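Trainee: Letter by letter, the sequence shown follows residues 2 to 394 in the working numbering.
Among the hints, a few may not be true.
To be verified - Label-pair ranges, simulated between beta-carbon atoms:
id	residue 1	residue 2	range
1	R123	L12	37 to 47 angstroms
2	G92	T329	40 to 50 angstroms
3	V142	Q332	44 to 54 angstroms
I should point out that these hints are in silico values taken from the structure, not numbers from a laboratory.
Everything numeric in this text was worked out from a predicted model, so none of it was measured.
Each residue gets a CB set at the ideal place from its N, CA and C atoms; glycine is no exception.
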Amino acid sequence: MGTAPTTREWLRPTLQEVPDLLRQFNVVRQPWRPAGLGGHLHWCQPVPWNGQVVSVAGNNRILRHSLEDFTIEVEAGLPLAWLQAALAEQGQWLAVDPPPASSPGTVGGLVARGLSAGLRHRYLGIRDQLIGVGFVRADGVIAKAGGRVVKNVAGYDLMRLLCGSWGSLALLTRLTLRTYPMLPQRHHLLLCGAQGPMLQLRQWLLRSFLTPERMDWWSPAMARRLTCAGASESDLCLTMSLSSMSQDAVRAQEQALVAQLGNSIQVQSLTNWPQVALARAPEPGEWLLHLGCPPASMAQLMLEAGAAGLCWHGGLTTGLGYAIGALTVEQVRNLRNHLTNHGGFLTVLVQPHATIASPLPPWQRQPAADVMLAIKHALDPYGLASGGGVPGV
Numbered sequence: 002m003g004t005a006p007t008t009r010e011w012l013r014p015t016l017q018e019v020p021d022l023l024r025q026f027n028v029v030r031q032p033w034r035p036a037g038l039g040g041h042l043h044w045c046q047p048v049p050w051n052g053q054v055v056s057v058a059g060n061n062r063i064l065r066h067s068l069e070d071f072t073i074e075v076e077a078g079l080p081l082a083w084l085q086a087a088l089a090e091q092g093q094w095l096a097v098d099p100p101p102a103s104s105p106g107t108v109g110g111l112v113a114r115g116l117s118a119g120l121r122h123r124y125l126g127i128r129d130q131l132i133g134v135g136f137v138r139a140d141g142v143i144a145k146a147g148g149r150v151v152k153n154v155a156g157y158d159l160m161r162l163l164c165g166s167w168g169s170l171a172l173l174t175r176l177t178l179r180t181y182p183m184l185p186q187r188h189h190l191l192l193c194g195a196q197g198p199m200l201q202l203r204q205w206l207l208r209s210f211l212t213p214e215r216m217d218w219w220s221p222a223m224a225r226r227l228t229c230a231g232a233s234e235s236d237l238c239l240t241m242s243l244s245s246m247s248q249d250a251v252r253a254q255e256q257a258l259v260a261q262l263g264n265s266i267q268v269q270s271l272t273n274w275p276q277v278a279l280a281r282a283p284e285p286g287e288w289l290l291h292l293g294c295p296p297a298s299m300a301q302l303m304l305e306a307g308a309a310g311l312c313w314h315g316g317l318t319t320g321l322g323y324a325i326g327a328l329t330v331e332q333v334r335n336l337r338n339h340l341t342n343h344g345g346f347l348t349v350l351v352q353p354h355a356t357i358a359s360p361l362p363p364w365q366r367q368p369a370a371d372v373m374l375a376i377k378h379a380l381d382p383y384g385l386a387s388g389g390g391v392p393g394v
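Given these sequences and hints, build the entire structure.
Mentor: So this is what it looks like as structure tokens:
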């Protein structure tokens with residue numbers, strides 16, 4: 002897999018300089034790619050990128066934080082870890098968990114990729130927490146959509162287009178996001194058992210009064226990768242995060258859960274959740290895949306894929322997840338076809354160096370590809386942003 006260019010090759014304009022820079026690129030038809038810290042620049046890139054890189058990492062300020070309204074406006078180059086630390090001082094947080102990587106990257110990168118994981122169960126995805134955006138078009142024109150209040154709907158559709166566009170439509174500069182209060186009491190659990198009892202537990206959970214922050218299936222291989230004992234090869238594993246304002250409320254939910262388990266399902270506390278939650282980035286020779294399928298099919302597909310040594314985790318209610326493993330191109334292609342046949346999808350985020358000779362395309366062509374290309378042409382007629390690439394086309 003190609004690596005990001007060195008920082009010496011990057012352009013690091015201020016937000017005031019960005020419009021003139023992109024205007025110059027537009028005149029000479031110079032392709033460019035947006036970047037933040039650069040840790041994810043090689044994602045979804047089957048071949049190395051050798052063009053211009055425009056980094057907004059130097060634009061990393063918190064512009065406005067409304068504690069009472071639970072909204073915050075930041076520059077796109079602000080590292081996510083910095084934002085969470087600043088919010089924590091005020092008893093708030095941004096309810097997102099970035100994809101498996103060695104670094105969570107910037108807030109702008111998080112929005113541009115539009116990926117989400119287990120916290121989507123309660124808080125939905127990043128695009129549902131985005132309420133305002135400022136950006137610069139490929140021709141250097143400054144634009145904005147949304148606003149500073151949660152109920153504002155101006156430019157709502159445009160924000161959703163930019164979220165998950167992988168920088169192919171414009172360069173994000175400012176973001177206004179919804180925050181949430183930090184719940185002081187939180188307990189993380191790992192449940193392991195045979196497929197039958199675990200699927201029965203799933204049905205009970207969907208009808209229960211419990212309000213977990215997350216419910217994620219883990220393959221046994223994923224549990225072992227994250228040094229969690231107790232899972233056999235044929236088991237299904239489920240992680241749950243219970244949270245509330247009071248310890249009594251968390252304890253009541255946990256007691257109701259344990260009463261349903263019986264002797265066929267093992268349960269253990271994940272006291273080291275901050276470390277466990279940061280699923281390891283792929284090692285050299287491993288793939289990182291973003292997967293989706295109907296939620297009711299997730300567990301069965303996970304067990305089938307686990308036979309190939311794939312470490313998989315995905316949302317019990319969302320059907321979205323990630324997988325890491327050392328597979329061949331043919332194995333990944335077969336898994337993609339299998340998921341597609343079951344109403345799902347597979348996106349290749351990272352593929353190993355050894356597959357460069359015959360890389361898989363990151364995305365499958367989507368039914369709405371023609372519409373997506375029309376939007377791309379309207380905002381970037383010369384195809385300069387992200388080298389002209391469009392996700393799903």
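Trainee: All hints, please: hold or fail.
Mentor: Okay, the hints, checked on the actual structure:
1. R123 with L12: 37 to 47 angstroms: holds (39 angstroms)
2. G92 with T329: 40 to 50 angstroms: Between G92 and T329, where Cβ atoms are some 48 angstroms apart, the hint holds.
3. V142 with Q332: 44 to 54 angstroms: holds (45 angstroms)
In this structure, none of the earlier numbered hints is contradicted; all agree with it.
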